[in-house]
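Generate the whole structure from the sequences, applying the supplied hints.
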Amino acid sequence: DGGITQSPKYLFRKEGQNVTLSCEQNLNHDAMYWYRQDPGQGLRLIYYSQIVNDFQKGDIAEGYSVSREKKESFPLTVTSAQKNPTAFYLCASTQPLGGDEKLFFGSGTQLSVL
Amino acid sequence: DQQVKQNSPSLSVQEGRISILNCDYTNSMFDYFLWYKKYPAEGPTFLISISSIKDKNEDGRFTVFLNKSAKHLSLHIVPSQPGDSAVYFCAVYNRDDKIIFGKGTRLHILP
Chain A
427 DGGITQSPKY
437 LFRKEGQNVT
447 LSCEQNLNHD
457 AMYWYRQDPG
467 QGLRLIYYSQ
477 IVNDFQKGDI
487 AEGYSVSREK
497 KESFPLTVTS
507 AQKNPTAFYL
517 CASTQPLGGD
527 EKLFFGSGTQ
537 LSVL
Chain L
34 DQQVKQNSPS
44 LSVQEGRISI
54 LNCDYTNSMF
64 DYFLWYKKYP
74 AEGPTFLISI
84 SSIKDKNEDG
94 RFTVFLNKSA
104 KHLSLHIVPS
114 QPGDSAVYFC
124 AVYNRDDKII
134 FGKGTRLHIL
144 P
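If you read the sequences in order, they're chains A and L. When you read off a place in the first sequence, starting at 1, and then add 426, the result is the number in the numbering used here. When you read off a place in the second sequence, starting at 1, and then add 33, the result is the number in the numbering used here.
No wet-lab data here; the hints were simulated from the structure. Computed from a prediction, not measured in an experiment: that's the story for all the values here. Hints are supplied without guarantee of correctness; some may be wrong.
In silico lysine-lysine, DSS-like type, Cα no more than 30 Å apart, as pairs [claimed, not checked]:
#1 LYS483/A to LYS131/L
#2 LYS509/A to LYS136/L
#3 LYS483/A to LYS136/L
#4 LYS435/A to LYS483/A
#5 LYS38/L to LYS101/L
#6 LYS483/A to LYS101/L
#7 LYS131/L to LYS496/A
#8 LYS101/L to LYS528/A
#9 LYS38/L to LYS89/L
#10 LYS131/L to LYS509/A
#11 LYS136/L to LYS440/A
#12 LYS38/L to LYS528/A
#13 LYS440/A to LYS483/A
#14 LYS87/L to LYS104/L
#15 LYS528/A to LYS89/L
#16 LYS483/A to LYS104/L
#17 LYS440/A to LYS528/A
#18 LYS131/L to LYS528/A
#19 LYS104/L to LYS136/L
#20 LYS435/A to LYS131/L
#21 LYS136/L to LYS528/A
#22 LYS509/A to LYS38/L
#23 LYS528/A to LYS87/L
#24 LYS528/A to LYS104/L
#25 LYS131/L to LYS89/L
#26 LYS101/L to LYS89/L
#27 LYS131/L to LYS497/A
#28 LYS38/L to LYS104/L
#29 LYS136/L to LYS435/A
#30 LYS483/A to LYS89/L
#31 LYS497/A to LYS483/A
#32 LYS509/A to LYS483/A
A few chain A residues facing chain L, derived, Cβ under 8 Å [to be verified]:
#33 GLY466
#34 TYR474
#35 ILE477
#36 LEU516
#37 LEU529
#38 PHE531
#39 SER533
Cβ atoms here follow ideal geometry from the backbone N, Cα and C, with glycine treated the same way.
The following block contains the structure:
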């Protein structure tokens, strides 16, 4: 079955530690996105990538980094510079030229600070 | 400044009645408008979309209406069912840009 896989489901970060959230898709989509959900804040865009080896900052990119070395993978690193990392993180993908643009989401990663 | 606004944080509707969720946007150049449904601790799932050249799209119990002059989008669910209780996100998409979400509306379907 095609879809988006996020791992781990739950992740704990210690002070000063970098952690990486995995996102893999087998939908052959060109575009991938990372969103963060906080209570009452909806979904806020962190980074997005329209094509391999290219990515752009979203609205809240500070304290995060990404890479897009392969079409199917878009890992997100939460660095120690992100002072409030506790949130539910969602990865998504879409095919921009498909004509019926809709995001497919993974099941999310809940990140908490120890 | 929010480009997509869902002004009602929550909405309660009796089972069997119509649920109407509203969304306002600021940019008349958006191409596509989408609605997503989200349960706690899960990823959002796509519900229905509409392109800017249409004013209505229907899929079963779900109908989306687009009023371009008012920059207003609404989702109608009829009849409302208990499983419809969730958070609903409005999203807008410009083919050359990113997808932007509203803050969501929590829908409660009352027995």
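Distance restraint between LYS131/L and LYS496/A, which requires alpha-carbon spacing of 30 Å or less: 20 Å, holds
Within 30 Å, alpha carbon to alpha carbon, are LYS483/A and LYS136/L? Holds, because 20 Å separates the two Cα atoms, which is no more than 30 Å.
Satisfaction of hint between LYS87/L and LYS528/A, Cα-Cα up to 30 Å: OK: LYS528/A and LYS87/L at ~17 Å, within 30 Å.
Decide if the proposed pair is consistent with the structure: LYS509/A and LYS136/L, CA atoms, cutoff 30 Å inclusive. 22 Å, holds
Holds or violated: LYS38/L with LYS104/L, Cα cutoff 30 Å? 11 Å, holds
Hint validation: GLY466/A versus chain L, beta carbon distance must be below 8 Å. Holds or violated? 7 Å, holds
Starting from LYS38/L, check that the Cα of LYS528/A is at most 30 Å away, please. Holds: LYS38/L and LYS528/A sit about 19 Å apart, inside 30 Å.
Restraint status (C-alpha distance of LYS136/L to LYS435/A at most 30 Å): Between LYS136/L and LYS435/A the Cα gap is close to 23 Å, so the pair holds against 30 Å.
How about SER533/A: closest beta carbon in chain L under 8 Å, or not? SER533/A check passes; min Cβ-Cβ to chain L is 5 Å, inside 8 Å.
Pair hint LYS131/L and LYS497/A, alpha-carbon separation not exceeding 30 Å: 18 Å, holds
Taken at face value, is the distance from the CA of LYS528/A to the CA of LYS131/L at most 30 Å? 12 Å, holds
Given the hinted pair LYS38/L and LYS89/L, is their alpha-carbon gap at most 30 Å? Within the cut-off at roughly 20 Å; holds.
Violation of the numbered hints given earlier is confined to hints 17, 30, 35; the remaining hints are satisfied by the structure.
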